[in-house]
Amino acid sequence: MKKLASLLGVLALSLLLSAVAAFGLAPAAQAKEAKIGFAFSMTGGAAAYGATQKNGAQLALDEINAKAGADGIKLVALFDDDASTPQQGINVFNKFINADKVSVIMGPTLSNTAQVADRIAQQAGVPVLAISNTAQGITEIGDFIFRDSLTEAVVIPNTINTVKAKLGIKKVALLYGNDDAFTKAGYEAFKNALNQAGIQIMSEQTFAKGDRDFSPQLTQIKGMNPDAIVCSALVEEASGIVAQARQLGIAASVPIIGGNGFNSPALIKNAGQAAEGVIVGAAWNAASPLPLNKKFVEDYTKRYGVAPDQFAAQAHAGVYILNEAIKKAGDPNNRKAIRDAMTQVKDLDTVLGPFFFTPGRDAGSQPVVQVVKNGKFAVLGN
Amino acid sequence: MDLITHLYAVYGSVLNFMGINALLALSLYVTLSSGLLSLGNAAFAGIGGYVAGILTTKLGAPYLVSLGAGTLAAGLAGMLLGLPVLRLRGVFLAMATLAFGEVVRIAALNLEITGGAMGLIGLPVKTNTWIIYLALAAAAYLVARMARSRLGWALTSIREDETAAAAMGVNLTLTKTIAFTLGAGLAGLAGALYAHLNFLITPGEFGFSVAVNLLMYNIVGGYRVWYGPLLGAALLTALPELLRALGVTAGPLRLGINGLILLLVILFLPKGLADLFHRRGDPATAPAQAAPAKG
Amino acid sequence: MNVLGQQLVNGLFIGGMYSLFAVGYTLVFGVLDILNLAHAAVFTMGGLAALWLVQSAGLSIWAAFPLATLLAGVLGLLVNQVAFVPLRRRPDTYFSGLISSIAMAIIFEALAMQIFGAHNVRFPAGTVPVVIWRLGGITITLLQVEILATVVLLMVTLTQLLKRARIGKAIRAVAENQRAARLLGINVDGVIAFTFFLSSALGGAAGILFGLYFDSLSPDMGRPIELKGLAVIVLGGMGSVPGAILGGLAFGLSEVLTVAISGTSNLRDAVAFTMLFAIMLLRPSGILGKGRTREA
Chain A
1 MKKLASLLGV LALSLLLSAV AAFGLAPAAQ AKEAKIGFAF SMTGGAAAYG
51 ATQKNGAQLA LDEINAKAGA DGIKLVALFD DDASTPQQGI NVFNKFINAD
101 KVSVIMGPTL SNTAQVADRI AQQAGVPVLA ISNTAQGITE IGDFIFRDSL
151 TEAVVIPNTI NTVKAKLGIK KVALLYGNDD AFTKAGYEAF KNALNQAGIQ
201 IMSEQTFAKG DRDFSPQLTQ IKGMNPDAIV CSALVEEASG IVAQARQLGI
251 AASVPIIGGN GFNSPALIKN AGQAAEGVIV GAAWNAASPL PLNKKFVEDY
301 TKRYGVAPDQ FAAQAHAGVY ILNEAIKKAG DPNNRKAIRD AMTQVKDLDT
351 VLGPFFFTPG RDAGSQPVVQ VVKNGKFAVL GN
Chain B
383 MDLITHLYAV YGSVLNFMGI NALLALSLYV TLSSGLLSLG NAAFAGIGGY
433 VAGILTTKLG APYLVSLGAG TLAAGLAGML LGLPVLRLRG VFLAMATLAF
483 GEVVRIAALN LEITGGAMGL IGLPVKTNTW IIYLALAAAA YLVARMARSR
533 LGWALTSIRE DETAAAAMGV NLTLTKTIAF TLGAGLAGLA GALYAHLNFL
583 ITPGEFGFSV AVNLLMYNIV GGYRVWYGPL LGAALLTALP ELLRALGVTA
633 GPLRLGINGL ILLLVILFLP KGLADLFHRR GDPATAPAQA APAKG
Chain C
678 MNVLGQQLVN GLFIGGMYSL FAVGYTLVFG VLDILNLAHA AVFTMGGLAA
728 LWLVQSAGLS IWAAFPLATL LAGVLGLLVN QVAFVPLRRR PDTYFSGLIS
778 SIAMAIIFEA LAMQIFGAHN VRFPAGTVPV VIWRLGGITI TLLQVEILAT
828 VVLLMVTLTQ LLKRARIGKA IRAVAENQRA ARLLGINVDG VIAFTFFLSS
878 ALGGAAGILF GLYFDSLSPD MGRPIELKGL AVIVLGGMGS VPGAILGGLA
928 FGLSEVLTVA ISGTSNLRDA VAFTMLFAIM LLRPSGILGK GRTREA
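Residue numbers (our numbering), protein chains in the order written: chain A, 1 to 382; chain B, 383 to 677; chain C, 678 to 973.
Possibly wrong hints are sitting among the right ones.
Said to hold, decoys possible - Each pair of labels, with its calculated beta carbon distance range:
1. C:Arg849 / A:Asn225: 50 to 58 Å
2. A:Lys294 / B:Trp512: 55 to 63 Å
3. A:Lys302 / B:Pro506: 45 to 53 Å
4. A:Gln122 / C:Leu754: 50 to 58 Å
The hints are simulated quantities; they were obtained by calculation from the structure and are not laboratory data. Glycine included, C-beta positions come from ideal geometry on N, C-alpha and C.
Assemble the whole structure, with the sequences as input and the hints as a guide.
Spelled out as structure tokens, the structure:
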């Protein structure tokens, strides 16, 4: 029994230690402060995406707080790491909700984590704004869950229809990551959209997260002479796919078509000349001439030394949306009022364009179809 | 009382994961204590989790029935895998079970019924802290009792010297297979509990890195006594929270300190955390001489 | 367009990469009977070090390659000294060495992340000239030829070193029987340290070539190849250098052939690991391995 007692002792001591520290670090929010918890993947498989999300959010926070003045509501940001796993995501959400008493949560980075963590927030009545979860069934979790990221189910049919109208493709090969919820959802959306548009799928190839060699799949695809390669991948893999496809001699006249995951300047930077002509259907128009967006791209590039990607843009827009809702709600500590105010957000100027939530609490912004031209994203149509 | 309620609200989930991970660590301990390194226990947990989850969601089976079925399915898989692979020694057994684990994970990714990469969604949340710790206590009792049984001595003798054990009349295949099956069953139970904890399970939660984590829990905690793996699992699961609470910034720094602590424990606590808690001379923790034989 | 021919080239190439990675892995196992799970992290550090030398120190890749390879070797010495030497007298070196080397890997990865960020980074354009040949529908690049030549050169050097040089003989003696080697007056600890240096230098070199060829590096780039590397050394026979070379090629070819024959890539990894599993059951000593792997 002595052993058991010591065991329990260790457990209790560890928890107590963290509790004391948590109380010490979390003073009650001031009346004119709103605490926002940001749960992003800073380590693990999605760390590259969590990093730009944090950058985008930080930029927006600084802009808003600089303008808040003496009587405005100041946004207090708490960033934490969901480590790209559902378990850590749940722990972070519990800490945000019960220890830090945040008013609202932004994140988590991955859809799988959101599937479980968002439920905790829904039960506790804490509004969540998802900024990168594009899988089905996220906002369906409940009326406290919102998202500003357009789902693949919205972006992709639009992309396929636009591409079909402009380029007249008839048969394509599909390449997707089958061990990741995001890329798998993208694949299903592509498959449905292609079937509906009456475009033939000649071959379906898969890869795994972290793969760097795509030549076996691309060799098979090349042998079939498709009109285009449709690809559901995140940018780190997408860059390799695009570069290796051209290197294997798949002609530049065979466009590579991607979704939200492709919408990053890293694609152009990494794949270089090979990225020319790549078609990217997405939620954020990097080349949008709207003043707020131009300023965002400039400021972000100046501050971080690289151009922003869609993850950063959606995080930036997300902070503006939350700020608007908190202002409208009046009381930064009233979670329910903030939730209600979220539904009222309308025609808000964000880097994603004028923003509102659909009745299903999904993004009401417009998707765009871009093409890489002279090393830049340009609009193909929408 | 308020403080406890508050603590539970903040750290209840950590407490749950500690319990599940401790149960998983214990499942590995069963075979590890006989010197057999299996990297397949994460996959057994996956089998238990998916079987239980599918029964609950697709067939509407009651929770307890699903738990039982998950445990049995994993145990059965353990027995079927054990029969051919348990002839292998040391690193070869580790590799064979690793390959098995990868095949299971890839199957879960590609099958329709498991939901692929999206995971098995819509599992009813039935598991709670009490159930987890009840299962853990029962499992720990079973394992602790086993250490003093004929089976336990047979396993220890296999660890010390396989050839001698055989000469003394220990039935190697039978003993190993029982241990392996038992370990797989416990892993399956942990997986089944986990499946009903959070609405969703995904193939990635039962992959190679989890298999390695289980080994870490055992080494850090000490795998000479039954409570070693529990200590290891508790510490390593809580470590990110502890660092978080101590104000270590999220990101690479926290990851690095995690690694550093792991290293320090290995270097300075040769018998694991359990060593801190037992008095010298306890026969259960007396240093064993046998390292795994040369491959 | 010759699909099968191209696939064979692809398989040969990725297989060569696996081989180089696995040779270092298996070398340490051959001598010490332990797996150094920090090997993949050293692979990553080698690649990133070369990138830093080219990008920030402005060196040409020809200078950066040997320097980064050396650095990877030094990291290997560090891994040995910190993660393995202190455990050597313990009864359970085998299990605890796995974990202490994983701890080193975690620290390396955190370090790499702190310095380079989590994003993929790449060598500046023009680090290596891009020349592409198309022969009868098969694409081969100059870089591929250079990399394959480097791999072959390193392998031949290593084999000759082990076979002929004094230190090579000492390594083989220690691998065979440590106690006997010590009685023969061989500095066993020195030989083990050198083995780690050699193994990690090869791993680092593999990381550089991998990063150059796929044109992207990241702190976690070692992870997918770690598992495959394990499969390769088992396939080739634990501890056997020629086995690791053959195993790497076999693994690379099995991957591409699965895609070529089935026409889809869903089964690629499943086939590779099922093959590994089957080999463990049928011939656990691997293609070229020797030694006892199971009790009668």
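Quick rundown of the hints versus the structure:
no., hint, result
1, C:Arg849 / A:Asn225: 50 to 58 Å, "53 Å, holds"
2, A:Lys294 / B:Trp512: 55 to 63 Å, "57 Å, holds"
3, A:Lys302 / B:Pro506: 45 to 53 Å, "51 Å, holds"
4, A:Gln122 / C:Leu754: 50 to 58 Å, "53 Å, holds"
The structure agrees with every numbered hint stated previously.
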